[in-house]
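Visitor: Sequence:
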Amino acid sequence: MNSSFDSYSDFFRNTECGYRNFAQEHRKSQGRAPFSMLLVESQPHNYIDPALNDTLLILPTSVESQCNWNWTINDRKVKTKAEVNRMLIVPPNVQSIWEVDAHRTLLTLCIPNSTFRSVLGTNCPRQLGQALWDLSADTWEDEYLSTAMRQLWLSSQSHEPIDAIMNEGLVTSIIACLMKKAGVHSGEHQPVAFPEWRVRKLHTFVQQQLAEDISLDDMADATGLSRRQFSRAFSAQMGETPFRWLNRLRIERAMVMLKESDVALYRIADECGFSDQSHFSKAFKQTVGVTPAVWRLEHRSS
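In this note's numbering, the protein residues as written are 443 to 744.
Keep in mind the hints are simulated off the structure, nothing from the lab.
Bear in mind that the values here come from a model prediction, so they are computed numbers and not experimental data.
Among the clues, some could well be false.
[What the hints assert, rightly or not] Straight line, CA to CA, 30 Å or less: simulated DSS-like cross-link-like pairs of lysine-lysine: (1) K519 / K623; (2) K623 / K523; (3) K470 / K701; (4) K701 / K727.
Using the sequences and the hints, build the whole thing.
Guide: Shown next, in the form of structure tokens:
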């Protein structure tokens with residue numbers, strides 16, 4: 443497919459592109475912070491988008507029930523459910539593959555690399571795609587960004603000078619918000635290695651595997667980081683080591699079972715991932731201050 447388009451908006455309307463069959467509306471603003479926007483009635487499809495010099499911020503405004511939204515960017519494959527207001531970034535200069543099996547209405551903001559550089563000046567990351575990379579790993583909600591995008595769509599319809607000023611302000615604040623969300627600050631051109639989406643992903647993995655022996659490599663693999671990257675990033679972000687955090691989750695599950703059931707201690711130890719009852723009792727007392735039996739008696743009687 444021809445990838446020599448000036449913008450994503452131009453690609454989307456091209457006669458070679460399957461998207462041309464979708465009902466769509468386009469708006470564009472030049473000024474000192476150029477951008478374009480699309481409102482699209484997206485149908486089920488399996489398409490490849492070329493690498494372009496635009497960062498895409500995609501906001502679902504309506505979604506058919508149980509819509510699967512799957513994408514591949516730089517060999518990273520993601521499968522999720524589309525939800526209203528859970529947005530996604532597509533970094534610039536990367537090819538992406540999309541598989542969608544139901545109807546969605548998407549509001550998409552296309553910000554050229556040149557606009558990022560104009561707004562951020564010397565604070566613009568030299569590798570913009572790398573800086574935004576983590577935000578493309580999952581969908582996420584941001585009330586400010588979703589509100590700003592909707593307002594930008596409304597104000598970009600007007601050609602009044604005052605609305606052009608508003609558009610510049612909105613685009614500037616959206617870019618600043620994205621940089622902050624990606625962990626890029628003044629003079630820091632590397633994204634935070636352990637953002638919130640990685641915390642959620644790790645927590646889900648651990649909760650599903652809590653009865654098993656979970657290694658540092660297992661946790662690193664679950665977050666898509668190397669063992670060394672994971673250990674350093676986790677401790678810096680969470681303020682404790684991965685194993686201390688894991689032990690706390692095991693203890694918390696044990697507390698629920700102690701309080702809400704009559705399950706034997708050896709069974710609780712097994713289901714919470716401790717090697718045996720002795721290991722469980724020792725770890726519990728070190729963390730809580732009393733043995734599991736004493737804690738159960740105190741909390742069941744209350």
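Visitor: Could you run down the list of hints and mark each one as holding or not?
Guide: Each hint, compared with the structure:
no.: 1; hint: K519 / K623; verdict: holds (22 Å)
no.: 2; hint: K623 / K523; verdict: holds (22 Å)
no.: 3; hint: K470 / K701; verdict: violated (60 Å)
no.: 4; hint: K701 / K727; verdict: holds (16 Å)
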